[in-house]
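Visitor: Below are the chains, spelled out letter by letter.
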Amino acid sequence: MTTLNANGTSLGSPGRSWPGSSAARNALRLAIAAPFVLLAFKAHAGGFNDHTNASLRQHARAIHWGSSDLSFLGQLYPPLPTGVAGLLPSTFALAVLGALGAGVIIEALGARLRARGMSWPALLALLISFGASPSFALTATTDLRAFMALTFLALALEGFLRFAFAGQTHGGFQAGLAIGFAALCDPIAIVCAFGFALAAPLIARTRFRDEKAAGRATAGVLLFPTVAGVLGWTFLCWRFNGSAIGWLHDAAPELGFGHGVLTQMDTATRALGRPLLFSPVFVLALLLLVYRRRYLMAIGTALPLGCVWVAGWVGMQFHPQWTSVLLGVVGVVALPRRPGRTMTALIVLVAGTGLLLKWTLASSPLVLAWQHALLH
Amino acid sequence: MRITQPLNTTRTTTAELSVGELLVTRGLITDEQRRNALATQAQTGSRLGTILIASGAVHPRDLYRALADAWGAEYLDVSRSELDETILPRVDPGQLIRESWIPLFRDPDGTIAVATAERPTETLHDHIELTLGEPVRLVVSSDWSVSKAIQLGYRDAVVDRATEQLWRDHPEASARVVLDRRQQIVGGLTLVSVIALIVLFPTATLSVLSLLLATGFLVGIAFKFVVCMTGARKEFEQTVTAAEVAALTDEELPIYTVLVPCYRESEIIGQLVTNLGRLDYPSDKLEILLLLEADDDETLAAAKASNPDHTITFVIIPDGQPKTKPKACNVGLFLAKGDFLVIYDAEDRPDADQLKRAVIGFRKARRGTVCLQAALNYFNAGENALTRMFTLEYSFWFDYMLPGLDARRLPIPLGGTSNHFRTDALRELGGWDPYNVTEDADLGIRVAARGQRVGVIDSTTFEEANRAYGNWVRQRSRWIKGYMQTTLVHTRHPIRLVQQAGLMQALGFGMLIGGTAVSFLAVIPLYLVFLVSLCLPAAEVGKYFPGWVLWFSLTNLLLGNGLMIWVSMMGAFRRRRYSLVLWALLNPLYWLMHSVAAYKALWQLATRPHYWEKTAHGLTHEDTDVPAPGDHTEREWNEPRVAGPVVAR
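If you read the protein sequences in the order shown, they are chains Z and D. Following my numbering, the numbering of the first sequence begins with 1 at its first residue and continues without gaps. Following my numbering, the numbering of the second sequence begins with 377 at its first residue and continues without gaps.
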């Protein structure tokens, strides 16, 4: 079989194909996940107070699953992490699940880098810089809800780039589905979905310049799963709980401009500073795109940053380390393909600097408490 | 009929070259025509006579007269000869078609006169004598005349074979009987049990039924989605590249038969002839059979008036029941001389290089591949809401589902047109079931049930989407009825099906064919339950359905509908029909129409199982003109080549 795009240019396989067999892929995922499982165990044994996962589990246990009036639907959001937390026996099990997810996400990034012709030194430097950072490990093993949303958003972004730039509808499926699932984990994904939908027509205008309705269609297929999921959930809540958007208020209690539009804007902008400092790979990727005048790609890459900013502005709450991890993912997937020697050296240098910054400048009480638990 | 013997051989002989000179000498062709034909021969390897006939330079009668002279044999036009009916039953008409000869009558001395379109050699003479068991005398006739005489002589046998052969050879594979004894018993007992349970335990039974339905619906949707995602992964994989097509030489191309069943298609027959003329395939290796029904004088007249290309032959299908497309196709299969065979509908516009792609596709196909299905789509997609929805549906089905089924090696229900077959394999399969009104889907499943394969090729045939609602319901009810027939046929021996086709293939068949029909039947009840559940207070609904059942069903309904709408949007996107993408939001209404058609289908299955709901074509108001056909040599005689017993008589 020959793989070609509409113009006859080779695109490579649309799916992840590294390692080649699914058995090898799963083995690699498990191998990558193993250190995170160990970290989860150490933190648990060291008495780390995993309050985020604990509250998720408490939330899940408080739900009267299967009550005949179905009023529990009003408390179920976010349904995916809540459902998972309801099924698993302990907070530690949630941490292990997160650790396994970390194996999946790092393997996926590795596959993406391999597909883009990244050399082994650069690939390893990027993955270590990303995976060995405290913010990633902490999010993976202590905040299942945020990590699930993050994983789905990472997959969505990877699919979006393939869909928007290479015209692969499989990428569109992945993006739409993943972002729809992300919206069932965290409402911030709804903002991201609209971000994708807004960026898509810009990209579509270039790709399908002469084709009528291409932009509208591109936005439609990206937005539909999220909108359908949110409307479906709203309908079920309205039908069985009497409150259509109560779930959204519960999930984002600060939603709105209660502290003033400008004040919140200022807060959201300041909140991006530290994650940007911890994400030099993202900054490098963005600068390279601008330098190479690939402005649309740069817009696509900056999109998650914009989404996080908008989400913060409208009052959605999330931890800055979550933003760091998201930007880390974006940076890795947006780096140029087949870098030369100089570029590889630059990538290795920047990735190493990022890792150093993440460990030495980590000052959040949560991170420090977690590090403390690991050392004891 | 079209020529036989020259089609069967590609080797050039000295005798043929001299035939060219002979024809020039007799003034039947010009020297320039002879030289052109020789140039073509160098490219295709076909016989000179075949090329000259295909180009319209010479009439078959004149060619065979000259050949008879060259061979030192008697020429006889046998197309309307009286045949000795006592001799005919001794030979299988299929053998006669393949070998291009027919016993005619007894000479006064008892010798049997036999007409042949082959060179009357000693070997052929001995072979025919051995077959008939009596002394024979060979005369030469054109292959078209021989074929026509065979159809005349074996009219009843051909019709009987086209109608009943599958039933006789494999009764369990035929839809002639709707329900066999075992199905009647099992079905009857199941129905009675369900009714009894509803009467005795209404709430529990409704809950269980609802849960079963919802689970089946969820599994069906999940199956389609997974297959669709597999198809999406194959998006940029080309089974055949343009470079491979370009590298193909005419010499290596096999004979290709194109069957075009036409019934009440007088409006579009001219367009059909134009579209067929656009096929990029050497005319001397192309055999196009227009299958016309005997009671359809209007289409025949329109076909004659369309000035068809010399590769086109009209075959008149004798009247009789069942009057179905598969019966006509079986007659066409009987007459087909190609190594490969394809079916097109009358309104079809296949990609010009589709036959070549199929030839390469078969070369590269997995072992056991007997058929390749091309993608179908519509040229009048934007005409009205119905054509838009139809196009959305086809884009999803042919661009995602079929490649996905192919990649997962699951059974592929063939579309009604653009299925390319290995002719021998199709004959071994028994051809189409004339009692099944979706003979195409049935054949695809039969292929899988015998452990063989259907593949796909990345080439598209554009059709006319149905723009009239009544016409659409008629067409769709026939399709769904056919799916019901196919389900009943292939579930007669479910264990054997699993053993032969494999478990996943059998499940895939169940979900694709049976599941489709059942899900369409379920749409109206599910929508009604949904509406009722909206109108009643939750507590009231809870009296009949436990909360979790209702929750599962509603979530399922929303999720299933959402997913199918989305894949429909993506299908249009992939086809670059961007303006159709948002129309996919109307799919729930479209499925409601399917449900109406499904109930009509169910009613017809009980009352008129073999009735063929004819779909009217040529209703589109969109401009259907296509570019003019290629540079064809103007034909030099105007006699339409009509074959078939009814016209002949």
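I should point out that these hints are in silico values taken from the structure, not numbers from a laboratory. Even glycine gets a Cβ: it sits at the ideal position worked out from N, Cα and C. Any given hint could be a false lead.
Stated by the list, open to error - Which chain D residues face chain Z? A few, computed with CB under 7 Å, are given here:
{"no.": "1", "residue": "G923"}
{"no.": "2", "residue": "V925"}
{"no.": "3", "residue": "G938"}
Visitor: Does the CB of G938 (chain D) sit less than 7 Å away from some CB of chain Z?
Guide: With a closest approach of 4 Å, the G938 (chain D) hint holds.
Visitor: Hey, does the V925 (chain D) contact hint survive, CB to chain Z under 7 Å?
Guide: Since the shortest Cβ distance to chain Z is 10 Å, the answer is violated.
Visitor: Regarding the hint that G923 (chain D) lies at the interface with chain Z, is the smallest CB-CB distance below 7 Å?
Guide: holds (4 Å)
Checked against the numbered hints given earlier, the structure breaks only hint 2 and satisfies all the rest.
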